Amino acid sequence: MKIFVCEDSLEGIFTGVYDAWAAAGPHTEKRLITGDTWNMELFAEYVTVLPDAKKAEKVIRTLKSRLGYEAYEQLCYAAMSDAIDKADAIYHTIVTAFSMRDSKRVFQNMHDPAVMRCFALGRTVGGEATHHLEFIRFCELENGVLFARCTPKNRITLVLAEHFSDRFPSENFIILNATHHEAVLHAAGEHTYILCDSEALLQEQPGAYSETEELFQDLWKDYFEAMTIEDRRNEKLQRQLFPKRYWKDSVELKDKA
Amino acid sequence: MLIEKDMDLMQKLHILGDAAKYDVSCSSSGVDRRGDGKSLGNCLSAGLCHAFAGDGRCISLLKILLTNECIFNCRYCANNCNRADTPRATFTPEEVCQLTVEFYRRNYIEGLFLSSGIRISPLVTMEAIYQTVHQLRNVHHFYGYIHVKAIPGAPPELIEKTGYLVDRMSVNLELPTGEGLRHLAPNKNRKTLLTPMRQIQNLRQRNDQAFLPNSGSGQRNIKKQEDASLPGTLYGQKLPARKGQWESREKVQGFVPAGQSTQMIIGATPESDYQIMKVSEGLYDRFQMKRVYYSAFCNVTEDTTLPMPVTGPPLLREHRLYQADFLMRFYQFKIDELLSEDKPNFNVFLDPKCDWALRHLEQFPVEIMRADYQTLLRVPGIGVKSAKRIVAARRSAILDYQDLKKMGVVLKRALYFITCNGRQMYPVKVEEDYILSNLLNSENRAVREIGPVYRQLSLFDDQKATLTEDGILVLDA
Ligand code: SF4
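Protein chains in written order, with this note's numbering: chain A, 1 to 257; chain B, 1 to 477.
Incorrect hints may have been included.
With a straight-line Cα cutoff of 25 Å, these simulated PhoX-like cross-link-like pairs (lysine-lysine) come out [said to hold, decoys possible]:
no., chain 1, residue 1, chain 2, residue 2
1, A, 254, A, 244
2, B, 385, B, 405
3, A, 104, B, 406
4, A, 64, A, 54
5, A, 153, A, 248
6, B, 21, A, 256
7, B, 388, A, 104
8, A, 2, A, 54
9, A, 221, A, 244
10, A, 254, B, 21
11, B, 412, B, 385
12, A, 221, B, 21
13, B, 429, B, 405
14, B, 412, B, 429
15, B, 385, A, 104
16, A, 221, A, 248
17, B, 21, A, 244
18, B, 278, B, 334
19, A, 64, B, 388
20, B, 334, B, 385
21, B, 406, B, 388
22, A, 153, A, 236
23, B, 405, A, 104
24, B, 278, B, 343
25, B, 21, A, 236
26, A, 248, A, 236
27, A, 236, A, 254
Some chain A residues judged to face chain B by a derived CB distance under 7 Å, without partners named [as the list claims (entries may be wrong)]:
no., residue
28, 60
29, 108
30, 133
31, 134
32, 169
33, 210
34, 216
35, 219
36, 223
37, 226
38, 228
39, 229
40, 233
FYI, nobody ran anything at the bench for these hints, they're computed from the structure. It should be emphasised that the depicted structure is a prediction, and the values quoted were computed from it without experimental measurement. For glycine and all other residues, C-beta sits at the position ideal for the given N, C-alpha and C.
Isolated chain A, as found in the complex:
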């Protein structure tokens, strides 16, 4: 068994796919893992994969054309997961896809355990990402910068970056992913954003609120309360649709979290 140890990032995992594919031996004798916490196995050969933008780029191009954009996106979501077996599931899904006459149908292959696993991981991550697009809240700081803090289980920072830079092109904003210690910084008028390691950011308070920030928070809280039709009150349903773990970073339900 050959075990490829990849960096836990899109680039790291796709480089791992490249190297594993190129290595000698049958695919069943190869495994991909991420990060640095694993149980050493006897009789296994460990190969450290150094992330390589060129290799990752090649893999991504191939995946997009052979598997189609949707399947590729699904794999990216799987790669953002916090599950320890994700890199291996991705690799073996790709192996399965390439063995099929029509690789674009790979996610219909319900009998393949790796495919099923990727499908499930992708769905979970996609669900969490959508929840974050809906539930994260920005506040306005003194200097006009919008700031949001979130604590996702999976590493979905990239999805948030894409969404909010398209949505708020003329704003300066920061999204802090406190779980993974990274942040999106977006400057007004710039069409790009940077992901940065947020250790530095975490040291500092994000700064005081702007003059009107509390007014708008109060307006929103009051409005939110007023929206409930008492005759239909159903807090179980509310919790089911608006999971409690999002409440602490919200404005309207922070006090109940």
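Following the hints, put chain B with the ligand in place on chain A, whose structure we already have.
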């Protein structure tokens, strides 16, 4: 009328938000619009829900009335002109713009849903709505979702030019029949409600044709001229025409791109489910509605001549209507298959699809490996997604019950109606009473135990709850 002077923004929002909450629609779906790199906002066709209120309803848009002053006297409405002690308020367009933009920047909302009481006249009211969205689009360069009411009785030109600024428009049918309207909304009638609906539909069609390639017109003919000022506008001012107006921008997707919707109040008047659903079917077929909403009647005016059920609003009935609406839109059912003059109401204890299947047992069981897509769709426990997955997966594999489960089939319900490779999951009788009592057992235990049923319905473990793009939870499959 109680009109308070110098109300602050907080008081106004409280009154005008509270007054708007009985409108069901809060959807931000139906239009995909990427950001333009400058303006504030974009739209996702699936829509996003930003919060869920204490009643579990989704909050996607800032849903407010522009004013709750009203010259009409709809009896079910807390803003009707006979209600002397309802506090009244009116937003200025600037206030609405400010709230929308500031809430949007903080990711509280996807956009604005602007409705209004009839202040002074339908014309004045519609003009005020137009001015507000015009300002929001062209002064604040707001690119997010906007849904507004078309005010029945307003001049068609005004409705038309508003339609080029917004994503969705709606006119509420209010009650399923003209008879109901006469009793409860004496200032409204079928004709004045249907006229703007028809207008919106026609303009949308014309617009679609203009967008088709080779339609002859070639150009995207969507540039609208600034109309001559209409007399009697609410705010007096007219915004000067500027370059880069929303109306003339290339990205604009034309007239009401996300389509129109409407809503009916359920249970205030004695119509049967059959009557309601036939009306609904007509609205989808003849007006190309994107959505028809059903709103369980809440007697907010405490009008003793109107129903005041002790068990609260008819939520379970409302839910069955949504399920039937689903069957009609996604499962190709005709209402006449589900209900008839002789059987005009749904069985509240059984979802409409099971109910139908039980009355058509001669069509079951169906064989999973062979039945076509349409037939699979009619099996209780098989939803649109799982039917599609079955059709795709069986091309390359022989499926078993484990696979079906993985594909999202609710076997607890489906097992009476299917065979897989000629085998039943376990031997059951395909017999009405037998299946009925089994199905009811699981569904009814909760119904009996809990009382106001709907509250728990969504938590049944043997059903899939689908959150529609509007944030309405429908038990599907
Ligand atoms: S028109 Fe009727 S429903 Fe609308 S605000 Fe006036 S009274 Fe209420």
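Which earlier hints can't be squared with this structure?
28, 33
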